[in-house]
Amino acid sequence: MKRVYICRDTVTGLYSAVYDAWSECRNDGEAGIALKDHIVPELFCEYVETREAEKKALAVEKLIRSHLGEYAYGRLYYASLSYEADKGDAIFGTMRAARKLTDSTRIMDHLTEPSVRRCFELSRNVGNEAHFFKEFLRFRELKSGVLFAKIEPKNQVLTCIAPHFADRLPLENWMIYDKTHGMFVVHEARKKWVLVSDVCADESRFDEFSESEEEIQKLWKGFFHTISIEERESYARQRQHLPIWYRKNMVEFDE
Amino acid sequence: MRIQEEMTMYDKLSILTDAAKYDVACTSSGVDRRGDGTGMGNCEKAGICHSFSADGRCISLLKILFTNECIFDCKYCVNRSSNDVVRTSFTPDEICHLTMEFYRRNYIEGLFLSSGILKSPDYTMELIYSALYKLRHECNFQGYIHVKAIPGASLELVQKVGFLADRMSVNLELPTKESLHLLAPHKSRKNILAPMRMVQNRMKENKQEIAVYRHAPRFVPAGQSTQMIIGATPETDYQIMQVTEGLYKKFGLKRVFYSAFVPVNEDRNLPARTDEGPPLLREHRLYQADWLLRYYHFEVSELLSEENPNFNVLMDPKCNWAIQHLEVFPVEINRADYKLLLRVPGIGYRSAERIVKARRLGVIGFEDLKKMGVVLKRALYFITCSGKMMYPTKIDQDYITRNILNVKERLPDSVRDMGYRQLSLFDDVRFGGMEFLGK
Numbered sequence: 001m002k003r004v005y006i007c008r009d010t011v012t013g014l015y016s017a018v019y020d021a022w023s024e025c026r027n028d029g030e031a032g033i034a035l036k037d038h039i040v041p042e043l044f045c046e047y048v049e050t051r052e053a054e055k056k057a058l059a060v061e062k063l064i065r066s067h068l069g070e071y072a073y074g075r076l077y078y079a080s081l082s083y084e085a086d087k088g089d090a091i092f093g094t095m096r097a098a099r100k101l102t103d104s105t106r107i108m109d110h111l112t113e114p115s116v117r118r119c120f121e122l123s124r125n126v127g128n129e130a131h132f133f134k135e136f137l138r139f140r141e142l143k144s145g146v147l148f149a150k151i152e153p154k155n156q157v158l159t160c161i162a163p164h165f166a167d168r169l170p171l172e173n174w175m176i177y178d179k180t181h182g183m184f185v186v187h188e189a190r191k192k193w194v195l196v197s198d199v200c201a202d203e204s205r206f207d208e209f210s211e212s213e214e215e216i217q218k219l220w221k222g223f224f225h226t227i228s229i230e231e232r233e234s235y236a237r238q239r240q241h242l243p244i245w246y247r248k249n250m251v252e253f254d255e
Numbered sequence: 001m002r003i004q005e006e007m008t009m010y011d012k013l014s015i016l017t018d019a020a021k022y023d024v025a026c027t028s029s030g031v032d033r034r035g036d037g038t039g040m041g042n043c044e045k046a047g048i049c050h051s052f053s054a055d056g057r058c059i060s061l062l063k064i065l066f067t068n069e070c071i072f073d074c075k076y077c078v079n080r081s082s083n084d085v086v087r088t089s090f091t092p093d094e095i096c097h098l099t100m101e102f103y104r105r106n107y108i109e110g111l112f113l114s115s116g117i118l119k120s121p122d123y124t125m126e127l128i129y130s131a132l133y134k135l136r137h138e139c140n141f142q143g144y145i146h147v148k149a150i151p152g153a154s155l156e157l158v159q160k161v162g163f164l165a166d167r168m169s170v171n172l173e174l175p176t177k178e179s180l181h182l183l184a185p186h187k188s189r190k191n192i193l194a195p196m197r198m199v200q201n202r203m204k205e206n207k208q209e210i211a212v213y214r215h216a217p218r219f220v221p222a223g224q225s226t227q228m229i230i231g232a233t234p235e236t237d238y239q240i241m242q243v244t245e246g247l248y249k250k251f252g253l254k255r256v257f258y259s260a261f262v263p264v265n266e267d268r269n270l271p272a273r274t275d276e277g278p279p280l281l282r283e284h285r286l287y288q289a290d291w292l293l294r295y296y297h298f299e300v301s302e303l304l305s306e307e308n309p310n311f312n313v314l315m316d317p318k319c320n321w322a323i324q325h326l327e328v329f330p331v332e333i334n335r336a337d338y339k340l341l342l343r344v345p346g347i348g349y350r351s352a353e354r355i356v357k358a359r360r361l362g363v364i365g366f367e368d369l370k371k372m373g374v375v376l377k378r379a380l381y382f383i384t385c386s387g388k389m390m391y392p393t394k395i396d397q398d399y400i401t402r403n404i405l406n407v408k409e410r411l412p413d414s415v416r417d418m419g420y421r422q423l424s425l426f427d428d429v430r431f432g433g434m435e436f437l438g439k
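From first to last, the protein sequence lines stand for chains A and B.
Going by the numbering used here, the first residue of the first sequence is number 1, and it counts up by one from there.
Going by the numbering used here, the first residue of the second sequence is number 1, and it counts up by one from there.
Source of the hints: derived by calculation from the structure; they are not laboratory data.
Please note that the accuracy of each hint is not assured.
Claimed, not checked - With a straight-line cut-off of 25 Å between C-alpha atoms, the simulated DMTMM-like cross-links for lysine to aspartate or glutamate are:
1. B/K357 - A/E70
2. A/K191 - B/E235
3. B/K371 - A/E84
4. B/K254 - B/E235
5. A/K134 - B/E6
6. B/K134 - B/D32
7. B/K45 - B/D290
8. B/K12 - A/E84
9. A/K179 - A/D86
10. A/K192 - B/D36
11. A/K248 - A/D207
12. A/K218 - B/E6
13. B/K204 - B/D32
Said to hold, decoys possible - Simulated DEER-style distance windows between Cβ atoms:
14. B/K357 - A/K62: 17 to 27 Å
15. B/P263 - A/E215: 29 to 39 Å
16. A/N128 - B/Q200: 27 to 37 Å
Unchecked claim - Some, not all, of what chain A presents toward chain B, calculated at C-beta under 7 Å:
17. D109
18. L111
19. F139
20. K143
21. V146
22. P170
23. E214
24. I216
25. I229
26. E231
27. Q238
Think of the CB as a built atom: it goes at the ideal place given N, C-alpha and C, for glycine as much as any other residue.
Let the sequences and hints guide you as you build the complete structure.
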């Protein structure tokens, strides 16, 4: 009978479920992975709750890295951050499919295999969204001098964009708040960034800006409007490249 | 000339942005550089757009002029010396302040610095150098810098600036010598090509220096680009594309940009003002062909000729080529050579790469192609999977042309808005239907 492993929607949870499914050596189609709040009950199926453990997750990580290679590891990690509920199945399916190849590191090229195709799709979607936020995220300077940005992504992109900003702004204190998932990335000047989740934040403190902030925002808005060429104006084209969905926390689209 | 003493930062920025906006190149691509941990900034190879202005163009760099004062009198330019506009200049400090403050808030990817010509080309180039020096060495800015080389400035100065910038460009302005002479009397082809050649040679030498000394300073690591104004002079697409091809092959340019002519001045040498707006479709076709040259191994002589010197208005250049060369098709997806796959309409260079990799591991069908990003409604006339076509179709010029024109090309909206559009019963095309009903 098919057995479905249930886990929380975190990378550790997901990889723990993969660990259980993998170690019980189930055949194709006899194991599935479902996220806790997104279970669609099926007939002829038993459901097992996964016991989450850091150790299991690390073991799976090591397995993927050593057998599927760094490239596939990156793609699977991105897929695991997706908001889609079938990501567990896709990742597990990809790992199973890799066993059948003579060279498992080629697995992400095997796009004719459905679960690989799905992983490719998911990781591309996460990667694209992460890239959007590298572009459209806006920092505002708080009274304390800390740069603060708020984003509302669909996927859990924080860990994808944090290294980019840490490399770019090493001497600044900054933080990015993912409102959708209630997570923060906090970076202290000259130190490594950290991911903070499950905290309650007093959002009103993020509205107290430094003195120069308003002036700089005004300059930027002025620049943004002047740079457009009137004879070429096309709001549809602007929307095509910069969907309204992403404009929520952007300075130049504030009213 | 109007002279104003005190001007706020906001006014200055407005004036010098407004004067710089007609420059097209706003890309921040071509160089990958990690930060070294002591300053601010890094660069990503693919480039990053940070916003899109109301005309749908990307904003990647803080695009400003150092000054809009100018001793030259180019007919098409807002800043020409015979125009009566408010003139102002930044100081190097102001440029650094703006760049740093915008950059740390993630508004921009770096600085695009161009300039009118103040006093003399050399004097202007010196000013630009001092601003960039301050930005790089005092503010420790490691983001992207795109700088214009001023035509006529001494090559030594241009070279000094090149060590501070990531990309340099000298604008070709107009495709032919005659047009340049007519519209930009103070510029000469020689003054434009000399710095271009110098940058090319210096980049080559620099590659060797870096091979020997890993930490040798980098000279224009993101390469050089140029731009041409389209539609102000009577050149054909064929002439323009030939110039482009020459620039890529002989000068090793990274990009050539095209700028649809926007009339800002009245002049008897310029085309009369019309209601049509800038030639955006033409500009779009040129960019499409430009991509075919750079990524798809096409040659200009395959796309255009003396007898057929302009691009098809109705169809993109790649499709147009395919329909003229049906003897090559259909192409078998599971076997065809990579370069041949690139020539199929609807297959981009990324999906061609995916196809080549995936077919080593399994047989590709039409369903797989769709997921790989191939646009089947265009490709289906030209391909087979395992010997079968997707639908029974004729390999016939008229038939394919008719069918491809039926599925509308995805033009950028700005282009689509300009031309004709299909009428539908429920459209209110400014017929004022509502007043009619007494509303």
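Evaluated hints:
1. In summary, the hint linking B/K357 to A/E70 is supported, as the alpha carbons are separated by about 18 Å, within the 25 Å threshold.
2. Only pairs whose Cα atoms come within 25 Å are accepted, and A/K191 paired with B/E235 is rejected, the gap being roughly 57 Å.
3. Only pairs whose Cα atoms come within 25 Å are accepted, and B/K371 paired with A/E84 is accepted, the gap being roughly 17 Å.
4. The straight-line distance between the Cα atoms of B/K254 and B/E235 is roughly 23 Å, inside the 25 Å bound, and the hint therefore holds.
5. Between A/K134 and B/E6 the alpha-carbon distance is near 38 Å, which puts this suggested pair outside the 25 Å criterion.
6. With a C-alpha separation of about 22 Å, the suggested pairing of B/K134 with B/D32 holds against the 25 Å cut-off.
7. Simply put, B/K45 and B/D290 have alpha-carbon atoms about 20 Å apart, close enough for the 25 Å limit, and the pair holds.
8. Distance check on the hinted pair: B/K12 and A/E84 sit about 48 Å apart at the alpha-carbon level, beyond 25 Å; violated.
9. As the CA atoms of A/K179 and A/D86 are separated by approximately 23 Å, the hinted pair is consistent with the 25 Å bound.
10. Between A/K192 and B/D36 the alpha-carbon distance is near 14 Å, which keeps this suggested pair within the 25 Å criterion.
11. Taken as a hint, the A/K248 and A/D207 pair is honoured in the structure, with Cα atoms around 15 Å apart against an allowance of 25 Å.
12. With a C-alpha separation of about 19 Å, the suggested pair A/K218 and B/E6 falls inside the 25 Å cut-off, and the hint holds.
13. Under the criterion of a C-alpha separation no larger than 25 Å, the hint pairing B/K204 with B/D32 is consistent with the structure, at around 18 Å.
14. A hinted range of 17 to 27 Å holds for the C-beta pair B/K357 and A/K62, which are about 26 Å apart.
15. In this structure the hint that B/P263 and A/E215 lie 29 to 39 Å apart at CB holds, the actual value being about 35 Å.
16. Checked against the hint of 27 to 37 Å, the pair A/N128 and B/Q200 passes, with Cβ atoms roughly 35 Å apart.
17. Checking A/D109 against chain B by beta carbon gives a least distance of about 4 Å; that is within 7 Å, so the hint holds.
18. Interface restraint check: A/L111 against chain B, minimum CB-CB distance 4 Å, threshold 7 Å, status holds.
19. Annotation: interface hint on A/F139 holds; nearest CB of chain B at approximately 5 Å, less than 7 Å.
20. With 7 Å as the threshold, the beta carbon of A/K143 stays out of range of chain B, its nearest partner Cβ sitting at about 15 Å, so the hint is violated.
21. Residue-level restraint check for A/V146 is violated (minimum Cβ-Cβ distance to chain B is 12 Å; threshold 7 Å).
22. Hint on A/P170 holds. Least Cβ distance to chain B is approximately 5 Å, under the 7 Å limit.
23. Interface restraint check: A/E214 against chain B, minimum CB-CB distance 12 Å, threshold 7 Å, status violated.
24. Interface hint at A/I216: satisfied, since its Cβ lies 5 Å from the closest Cβ of chain B, which is below the 7 Å cut-off.
25. Given hint, A/I229 at the interface with chain B, holds; its Cβ is 5 Å from that chain's nearest Cβ, closer than 7 Å.
26. Hint status for A/E231 relative to chain B: holds, with the closest Cβ pair at about 5 Å, below 7 Å.
27. With its C-beta approaching chain B no nearer than about 4 Å, A/Q238 sits inside the 7 Å limit, and its interface hint holds.
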